[in-house]
Amino acid sequence: MAQGEITIDERFCKGCGYCVRFCPHDCIVQPGDKFSPQGYLLPVLESAERCNACGICAWMCPDHAIEVYKYVDSEAPLPA
Amino acid sequence: MAQGEITIDERFCKGCGYCVRFCPHDCIVQPGDKFSPQGYLLPVLESAERCNACGICAWMCPDHAIEVYKYVDSEAPLPA
Amino acid sequence: MEKERVAGIPDMWMRTENLPIPSCPGCQEPVATRLILEVLEELGLEDRAIMVVGVGCSCILPLSINIDYIMCAHGRPPDGATGMKRVFKDEALVFTLQGDGDCIAIGAGPLVNAAIRGEKFTIIMLNNATYGTTGGQMAPTTIMGQRTTTTPQGRSPVEGYPVHVPEMLTSFEGVAYTARGAVNTPANYQRTRRYVRTAFQKQLDGAGLSFVEILAACPPDWHMTPLESLDWIENKLIPEYPLGEFKTGPAGAARPGPAPEAVPETVTIAGEAR
Amino acid sequence: MEKERVAGIPDMWMRTENLPIPSCPGCQEPVATRLILEVLEELGLEDRAIMVVGVGCSCILPLSINIDYIMCAHGRPPDGATGMKRVFKDEALVFTLQGDGDCIAIGAGPLVNAAIRGEKFTIIMLNNATYGTTGGQMAPTTIMGQRTTTTPQGRSPVEGYPVHVPEMLTSFEGVAYTARGAVNTPANYQRTRRYVRTAFQKQLDGAGLSFVEILAACPPDWHMTPLESLDWIENKLIPEYPLGEFKTGPAGAARPGPAPEAVPETVTIAGEAR
Amino acid sequence: MEEKLFVQGNEAVGWGAVAAECEAFFGYPITPQNEITEWFAREFPARGKVFVQSQSETGSINMVHGASACGVRTMTSTSGPGWGLMQEGMSNLANSELPCVIVLVQRGGPGAGTTRHAQMDYMTTTHGGGAGGYKNIVLAPASVQETYDLVQTAFHLADKYRNPVIVLSDAILGQMAEPLERRLLEFDPLPHKDWAVTGRGRHSDGKRRSISIGQGFMPNPTYPTYLSFMEGLDVKFRRMKEAEIRYETYLTEDADLILVAYGSIARVSQGAVNMARAAGLKVGLVRLITLWPFPYEAIRGLAGDAVRFLVVEDSLGQMVEDVNSAVAERSPVHFLGMLARHEPREMGMIFPDRVLEEIKRVTS
Amino acid sequence: MEEKLFVQGNEAVGWGAVAAECEAFFGYPITPQNEITEWFAREFPARGKVFVQSQSETGSINMVHGASACGVRTMTSTSGPGWGLMQEGMSNLANSELPCVIVLVQRGGPGAGTTRHAQMDYMTTTHGGGAGGYKNIVLAPASVQETYDLVQTAFHLADKYRNPVIVLSDAILGQMAEPLERRLLEFDPLPHKDWAVTGRGRHSDGKRRSISIGQGFMPNPTYPTYLSFMEGLDVKFRRMKEAEIRYETYLTEDADLILVAYGSIARVSQGAVNMARAAGLKVGLVRLITLWPFPYEAIRGLAGDAVRFLVVEDSLGQMVEDVNSAVAERSPVHFLGMLARHEPREMGMIFPDRVLEEIKRVTS
Amino acid sequence: MTSGNNRGHDVIMAGIGGRGVLVAGLVLAQAALTRFDHVVWLPSMTTAMRGGPCEAAVSFSSEPIASPLVWRPQAVVVMESSQLQGLEDRVQPGGVIIVEEAGLGRKVKRDDVRVMMVPAIATAVEIGDSQAANMVLLGVYIGLTRVLPPELVESQIAGKFGGNDRVLSLNRAAFSRGLKLASS
Amino acid sequence: MTSGNNRGHDVIMAGIGGRGVLVAGLVLAQAALTRFDHVVWLPSMTTAMRGGPCEAAVSFSSEPIASPLVWRPQAVVVMESSQLQGLEDRVQPGGVIIVEEAGLGRKVKRDDVRVMMVPAIATAVEIGDSQAANMVLLGVYIGLTRVLPPELVESQIAGKFGGNDRVLSLNRAAFSRGLKLASS
Ligand SMILES: Cc1ncc(C[n+]2csc(CCOP(=O)(O)OP(=O)(O)O)c2C)c(N)n1
Ligand SMILES: Cc1ncc(C[n+]2csc(CCOP(=O)(O)OP(=O)(O)O)c2C)c(N)n1
Ligand code: SF4
Ligand code: SF4
Ligand code: SF4
Ligand code: SF4
Ligand code: SF4
Ligand code: SF4
Ligand SMILES: [Mg+2]
Ligand SMILES: [Mg+2]
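Here the protein sequences come in this chain order: R, G, A, X, D, C, P and S. Quick note, the first sequence lines up with residues 1 to 80 if you use my numbering. Quick note, the second sequence lines up with residues 1 to 80 if you use my numbering. Quick note, the third sequence lines up with residues 1 to 274 if you use my numbering. Quick note, the fourth sequence lines up with residues 1 to 274 if you use my numbering. Quick note, the fifth sequence lines up with residues 1 to 364 if you use my numbering. Quick note, the sixth sequence lines up with residues 1 to 364 if you use my numbering. Quick note, the seventh sequence lines up with residues 1 to 184 if you use my numbering. Quick note, the eighth sequence lines up with residues 1 to 184 if you use my numbering.
Treat the hints with caution; some may be incorrect.
To be verified - A short, non-exhaustive set of chain D residues, derived as facing chain X with CB atoms under 7 Å:
#, residue
1, R47
2, V50
3, V52
4, N62
5, M63
6, H65
7, G66
8, A69
9, N92
10, K193
11, V197
12, R208
13, S210
14, I211
15, G214
Simulated from the structure, these hints should not be mistaken for laboratory data. Fair warning: this is a prediction, and the values are worked out from it, not measured in the lab. Glycine included, each C-beta is placed from N, C-alpha and C at the ideal position.
Isolated chain R (complex conformation):
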């Protein structure tokens, strides 16, 4: 069950794919047909149910394009 969620701001994302690689729960994918206004390949949160709001995708995002939200009724402790 989803413990959190993320948003990806398409104005800022440059499609590097780091979030895709580092999400420990493989929540994010780059479908390959979604482009940002500037022409970058956008990632999307595909498996939201696996997200535990660990924040990794946000720290590793070079463009500060990701915001991570934890569902408050979730009890899981957050790293860092």
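Based on these hints, arrange chains G, A, X, D, C, P and S with the ligands on the given structure of chain R.
Just chains G, A, X, D, C, P and S with the ligands, lined up with the frame of chain R:
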């Protein structure tokens, strides 16, 4: 018996006393009352008979003021 | 369901007119910077921190960071930081953020002499193994065989060998701390964050110069995709530049204070000199 | 009795108009220079040797030395020597003769980067723990507590700590040899002469940068007599600056030639850059 | 050498250096001259020549110093901040009387300024720079072809006078591409560099050579004293002033307004002159090729009651001071500078149309 | 502050800095300014102020950069080769609009030249230096007292315009000792340095501050674009030109020959004027105090058919170019330079008697 | 003419850095070189920004070209719609404006020039890579103005990207799609 | 007068570096300061040589001193005989030349000035240190010219060398030996 001798060029000597300190046979002294034209305290070869022309006073002289001569009938091997 | 924001754009990041960060896709300089901001926040130093940047891709980042900063000449952040730290002393936390070219090519003189003087600030060097800003020329950190626009055949011994700054700095008594980190994995990110925290702490303790190198991807100048760049860091850069702490002991603690040896006459009027 | 000249003014020394050497009484810079000349003679290099001096008391000595030389900017001999050695390659033996201030204060950038590039010449640094030429200011090599005109209370940690150049240089792969000698005793003289010979030999072998530091007395700026200066070398300088060889192994031999990793597109027209 | 290329001004520098048989290049990256350094990195090792990426511009100029002392032709290039870092070196080269070529691709200043075009280094190259009042010839090309040609000329003049020579390009000229014909220029023969430091064994007279930045305080046979050295430099600088002035006039004969400009802005100005002529205005152009020595006499000769001058320069006003000095109040001198750029961001430019506007304003 | 000292010009720099409440000095040894660095090493730490011996002059100027950004008064000093090494820094300071004072004690150039007196840095300080066409006020004292006074003035002007100010001394002035009265000069009040980088927590508005050498390419609220920055600098430089010209005339009213000189040579020239007047010759002197801005109008005002000028300068001819430009052919301009020194070694000097000789030659 | 070029053609291609606008200009210039003695290619970009505004001015003429700076070109090709602003007014009457349609929030106001709005990015994505949008626009420009025979440009494309098959066929395809768009 | 100084005294002391000529001049200048409002001490030395030529020009006057550079002094004091050469002709008629006699291979040619040859080094060695020759000559100069009362100079010596008894008594002794030599 003297195996060699040295000359000290008074035009160049600046009286540092290095030759005096480093002669392994204590051949050189600075008498204290002999001045170069520029007013430096001059050293003199006092105990010439002990000189074995080792050359140390020459290398250690910062002013290249000393020339060392070896008597040719002397057999002693020279260092360096 | 209620939700709470737990990660995202750092509080100290100010986006100018909602523009994207002006760096290339996959550039890790903003990642390294983020980690520094986290440490500043953690230590509560936002109000006393002063950042000193030189010239390089990292010099545009402080435009968006909500702390005081100066940008000074290419290679000269240690000089600028010396001026600032000597003036402010304990009142400010002063750190430089420099590219590798800035820090150890044109900036080698300032760096080494800040180390000699045991200046009490922190240097953070971003090692991307190239000159990013000017389009990917060789840096002193470029690894053997790496192609750049000035080593089109790959760096060979004709151009020398990669330099290892944290290792080199260990020989200076005025240096309190050196380490090398990376941000190519979440684990390395956290580890490097600890290094930066320790480095700042050394400064707060007045222990001497503290130095952290951070490996950072520069995909366009490596002629790779961002993801390939991360692999290249793991497989090529880290083997050349091992991560870890290289000096942690206090500097200078063993030294007594001044014990004058030779007493010059006080001469107020100069004699001959060159 | 017949007599044969066995020692004295070096063959390569040209006295200008029978004037004394223009240095202070007891200055050991001419002693260190003499030792270099002996090695050049021994290796038969007089005709191929080129000396590069910076600015300092040693820069007037080559006026009297019968080999080709250039004097370049203060701290810049490694740059000048780079220019020369790259042009002449094996055809010349190129070495610098630099003061400590020249070499590691203003000259730290050129020195470190010559080490990074693994330049194939030799650097000889005269450590007299001060700026002799300008009248005895602090040098990076000034020892703790030593009084100079810019550390009138003695060097304290505020001014940092003495720098150990041969030790520092060991971390560079492009450096083939480093050593520290002295000329305060005949034995040290001979030992240092061997270091200089080895350093030149490393250059002839194309092994990389070779470096020899030589401690040398500067009596006036130490505010001592010449003989006191020699004692001070023994009792104070050598304990701070241990004599010996610090790196003797070949540099770079372990490195393969270029093995390109990343292949840039050949772009002849520049894009955006700073 | 008939090959025709389409290259950037910065690349033409490299081709010019090859034509001049330059043997060693030392450089440090800086925009907008990176194509120069990269050209040499690519092309010089392949030709058995020396390329070294220095650690800084101070490094570059001092490596050039060493290489020049060897007697080979050598050069560096830089821009803005890098030029500042070379000033001690420039002064030392002048003291040492070492020939070399420095290509300065101007960018906007001061400080880090911008990496874009500007003409803000006129004063520092012609009047200022480092300490000690030395002088150096400054050549200002206005096309890719002329960049190539003047690099050759620069090497010749450097050797002729044993003095550094500056080729003053700019970001527009350096970055723009034009066709280039690789022709070898012919120059008077030069004496053998008997003064070069090559190792004692290579000198025909068996006597050692030396090159020193301390000429004047370290006596040598040529200059036993400081004053003899100053006299020597004075004579040399005067000779340059007499022999090396270069400029071009364009439609000045009947002109009642004469534009004065150099480099890329001379091209812009020429465009404006063409437009003005098309509109029936009697406008001409003096294009400076040497900025130092400056053609004082020539400009003074053109001045007079019937003539006005308009200096066009992409700066806040530098060369205009020399034009003023040359004209000596014989004619009015107007100035159109960088504040006339078409837009406020760094990409703002002075277009020919803006110059035309000014021509009309001044002549009406 | 009534204390009267007998000190060298170089030491007067230190006392002037104390009077101006300078807080930080960064310097590197070089003759003939060593007494300055040593003075600060001795006196500043004792007063709780900052003294750092830098690793080079490039280091000095960049440490000054950092300290100035903190909002404190700060300075450095150097000579010849060291000045060359500061040129990138000067250009950066101008871009960053950072106030500071640089004391340049001129020595003979170019290159290492000599450590002795000369006036060969007029052009590099007033016209040239680093890249990018910035300007800075140059103050030229002519006595130990005036050195002290002008150091105070320099700090004031630096803060007033947020720009580096140069105090141009020379080896004679720096080394000679004269009585010094330690008087505090009064200046108009200056605004608080709200721009200083002190850490965000110290700003009253809670907003962060920044200082950058990239003004023009990195937008900031004051200068959102490069051109707005250029306009800002242009206005500032014009304001300096209008408000800050300083010079002194001596017996010029009835003079048919007017000497123009600065620094120690102005003193020599004044001696010559006195001798000439004693011999019945109508000779006067314009002594420049600001070399930049240059008193063009004042000199032009003195020019005319009945007047000649004689520029006396211990160089091969630098300031004479500006005098020529100012006079604009209204009067003949003669020049007496370093080639008139009394002997060829570096200790050769231009004595008043030699100047008198030239006065007689010119007026006869 | 306004650049003082007597007999020739001036075009400005504008976009943002890293999207190929300079290369497109260069291909054009090199193609022009086979027909004209005088050709200038002048790139220009910003200092501070990766991905900031960037343009290439290309002039070709049978007579010497005085000014490399072109104030009033016969044509502008705008690859990033935000760039239209500064360029629209500068095109000579009777000239051509070609503009990327993505992101263009408004119409071109000029009515004394030919205007074409082109879905270049979309077309390029269709072909396989948004990076080829530059060649689409170059194709449109050549198709529309016919200042040079398309074959000349095609052979330059072949020369430039010959080393990499994928890139070459991508660019070729993009260029001919552009030509087609122009004639449609 | 020739320096443009209206009412005062100019003296040049010359020697070689490191032998105290500058200090002797400074002691004189500081002594003069207690009597005159305007005093200039101007040292000068060479760049390249330890032990090269070196001189101090001292001027004092009741009126402002224009030129610190003195071409025609009232007196010269020559501590190194080789320096006489350049200075001999410059002394004003009626002035004074004081010169170290050691190494002086010739007579002073001027007959319009007072000349005194002094065995200063020898005298100093006699007292205990050749380094005190400067004070011997200063004593001779003061004794001969009486430009200042000897006590003023003596108290400067006391002030300057007060920190070191041996040096102080050496310099004092040298100065008074100089005074005596002058009156003999
Ligand atoms: C004195 C000077 N020389 C050269 C430059 C041009 N320049 C700007 S940044 C840079 C190097 C950048 O490399 P690095 O420091 O490694 O930073 P990166 O861009 O890789 O982050 C250079 C050479 C400059 N601005 N100033
Ligand atoms: C750029 C520059 N700065 C300063 C100087 C002045 N200067 C001459 S030699 C020297 C330092 C000498 O010290 P060191 O290198 O240790 O040599 P030493 O005289 O002790 O042998 C200095 C600072 C100079 N010549 N050039
Ligand atoms: S917050 Fe963690 S789990 Fe959620 S998407 Fe990001 S990386 Fe994956
Ligand atoms: S890490 Fe950030 S920039 Fe990269 S793809 Fe993910 S959201 Fe986009
Ligand atoms: S040669 Fe040797 S033994 Fe003879 S005096 Fe010299 S040091 Fe003594
Ligand atoms: S070592 Fe040389 S200079 Fe020193 S006292 Fe002996 S001879 Fe004289
Ligand atoms: S060039 Fe490299 S370092 Fe610079 S912004 Fe791009 S990726 Fe980052
Ligand atoms: S100052 Fe020192 S290093 Fe220089 S000549 Fe004198 S003793 Fe030698
Ligand atoms: Mg880098
Ligand atoms: Mg030293």
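Q | Interface hint outcome for I211(D) [beta carbon to chain X under 7 Å] | A | Check passed: Cβ of I211(D) comes within 5 Å of chain X, closer than 7 Å.
Q: With chain X as the partner, please determine if K193(D) meets the hint condition of a C-beta pair closer than 7 Å.
A: At about 13 Å, which exceeds the 7 Å cut-off, the nearest Cβ of chain X leaves the hint on K193(D) violated.
Q) Against chain X, is A69(D) within 7 Å by beta-carbon distance? A) Holds. Min distance 5 Å.
Q. With 7 Å as the cut and Cβ atoms as the points, is N62(D) at the interface with chain X?
A. The hint holds - N62(D) has a Cβ within 7 Å of chain X, the shortest such distance being about 3 Å.
Q. Can the hint on V52(D) be confirmed by a CB-to-CB distance to chain X that is less than 7 Å?
A. V52(D) check passes; min Cβ-Cβ to chain X is 6 Å, inside 7 Å.
**Q.** Minimum beta-carbon distance criterion (7 Å), V197(D) to chain X
**A.** holds, 5 Å
Q: So, G214(D) near chain X? Judge it on the closest CB pair being under 7 Å.
A: OK, holds: G214(D) within 7 Å of chain X, min 6 Å.
**Q.** Per-residue hint verdict: S210(D), partner chain X, C-beta under 7 Å
**A.** At about 5 Å, which falls below the 7 Å cut-off, the nearest Cβ of chain X leaves the hint on S210(D) intact, so it holds.
Q.
Using the nearest Cβ pair, does H65(D) come within less than 7 Å of chain X?
A. holds, 5 Å
(Q) Please check whether R208(D) passes as an interface residue: C-beta within 7 Å of a C-beta belonging to chain X. (A) holds, 5 Å
Q. Is the shortest C-beta separation between V50(D) and chain X less than 7 Å?
A. holds, 5 Å
Q. At a threshold of 7 Å, is the proposed contact between G66(D) and chain X supported by beta-carbon distances?
A. Result: holds, 3 Å to nearest chain X Cβ.
In summary, the numbered hints that this structure violates are 1 and 10.
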